[in-house]
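For chain A, the structure is supplied; the task is to place chain B on it using the hints.
Residue numbers (our numbering), protein chains in the order written: chain A, 190 to 431; chain B, 190 to 431.
Hints in this document: simulated from the structure, not taken from any laboratory. It cannot be assumed that every hint is accurate.
The list cannot tell twin chains apart, which means a pair is met if one copy fits it or any two copies do.
No farther apart than 25 Å at their CA atoms in a straight line, the calculated lysine-lysine pairs in the DSS-like style are these [as the list claims (entries may be wrong)]:
hint	residue 1	residue 2
1	Lys240	Lys219
2	Lys240	Lys409
3	Lys198	Lys219
4	Lys377	Lys285
5	Lys327	Lys409
6	Lys409	Lys285
There are 2 protein chains.
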Amino acid sequence: MLQPIKPYKKEFDYSYALGVFLTIELLEHKPEHVLSIILSTNAVKNSGLEKIRAIAESHGITIEVNDRLIERLSPKENCYAVGVFRKYDNKLDSRKNHIVLVNPMDSGNLGTIIRTSLGFKFTNMAIIRPAVDIFDPKSIRASMGAVFSMGFSYFDSFEAYQEVFSYHQLYPFLLNGRVKIQEVHGIKKEPYALIFGNESSGLPESFNTIGTGITIPHAKTIDSLNLSVAAAIAEYEFTRDA
Amino acid sequence: MLQPIKPYKKEFDYSYALGVFLTIELLEHKPEHVLSIILSTNAVKNSGLEKIRAIAESHGITIEVNDRLIERLSPKENCYAVGVFRKYDNKLDSRKNHIVLVNPMDSGNLGTIIRTSLGFKFTNMAIIRPAVDIFDPKSIRASMGAVFSMGFSYFDSFEAYQEVFSYHQLYPFLLNGRVKIQEVHGIKKEPYALIFGNESSGLPESFNTIGTGITIPHAKTIDSLNLSVAAAIAEYEFTRDA
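Chain A with its partners taken away, still in its complex shape (with noise of 0.2 Å):
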């Protein structure tokens, strides 16, 4: 490949693991993309290099130490380490539930989400179109480098999603929805698919009348719930032992 020189665009087919604990995430999860390893001269004084050092040259990755091509990918911070990889796609798994999020717009709400999904055992996300970038490195820090362990695959609808994988029992989240989610126990069915919506507007009305509607009840003094929060609860309750 060309040497990478700019800050991250959405537009290249490839990104950045920005620091020493997130490329060492993607070194361990998804060393197959990873196209070479940036080292700050600061790195030596870094207990993860060693790390680094041992798993790219177990899978023959170029490591080069350049401080200036360092500052350039990451100019607003002190970085010691730079994974870059190229993009990909995951297929998801149609016998496994499912998180789907439609439109998410925020790269530190969608980061939180794959942390607390991965935590819940939940390693497959649909993403529906307009929706921000997974990889930009800003979701990439926000998930701590959950990202690298979550299988995630866009779709430009929800219709495309559907397509797909038509078996799944669809639980919208809705601030009116028909169960609570306490109530959840009783009804739901594997696979499902757990659909929340964007972090201002939440879902379309079009989810009103799809699958089961679930709603977290909560005091009239908020609007809402945060998207990562609402997310949070939802799938605590779903995998929680009734």
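Below, chain B without anything else, positioned relative to chain A:
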């Protein structure tokens, strides 16, 4: 008061609600602390303006139209209204359940936790220093104004909190807590305090021997849940009907 002319700093004894929505939240919930309202000439197009004028008038609060001042106070974004208010502190209600945050450092997390807490009807929050500033406009923004409905109080140490509220049952959230969160229903006693540690380091070891340690089980593929996610799940489960 002297006219404020600078972007917010922690040392100030006043702060700003930046934007029409937050200014309305401020006026509705804490009119007694409002010092003045500043509007941009663009605000005339905004539907919230009437509301601001009405509430301000009924409380005898001065309104000034001053574009340059607004730009100074909110240099980074388009802002149509600023509510200037004197900082305040609340007394916590000793009969109510408390949320205790030990050394929270991230304004986004704090704001999200305030919003979620209100959603689950927790209206008393203790914050143990060192900690992020609840009146930082970033915290106010992240709370979506919920901060103006939350009763909170800062303490210099957890011991200082305990001296005042010695009857609360203590539930520190730990990675290795003795009781799983799903099992609290048999044991929980009110009034209680749900205690959460810092974003990166969690609670200090000293909390291992305080009250009843609670853990939120999660897969080992992640190190921990995000602080605002952990707090949300805790609040959800503690207020869940059995």
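**Message:** Checking an output row: Lys240 and Lys219, CA cutoff 25 Å. Within, between, both or neither?
**Reply:** within (15 Å within a copy, 54 Å between copies)
**Message:** With identical chains, the pair Lys409 and Lys285 could be close in the same copy or across copies; at 25 Å between alpha carbons, which is it: within, between, both, or neither?
**Reply:** between (35 Å within a copy, 19 Å between copies)
**Item:** Copy assignment of Lys240 with Lys409, given that the CA separation must stay at most 25 Å
**Value:** between (50 Å within a copy, 20 Å between copies)
**Prompt:** How do Lys198 and Lys219 come out at 25 Å by Cα distance, when the copy is not named: within, between, both, or neither?
**Reply:** within (21 Å within a copy, 43 Å between copies)
**Request:** Evaluate Lys327 and Lys409 at a C-alpha cut-off of 25 Å and name the case that applies: within, between, both or neither.
**Result:** Between copies only: 23 Å across chains, 32 Å inside a chain, cut-off 25 Å.
**Asked** Taking 25 Å as the upper bound on the Cα-Cα distance, should Lys377 and Lys285 be classified as within, between, both, or neither?
**Response** Answer is within: at 14 Å inside a copy they meet the 25 Å cutoff, but 35 Å across does not.
The structure is consistent with each of the numbered hints, conforming to all of them.
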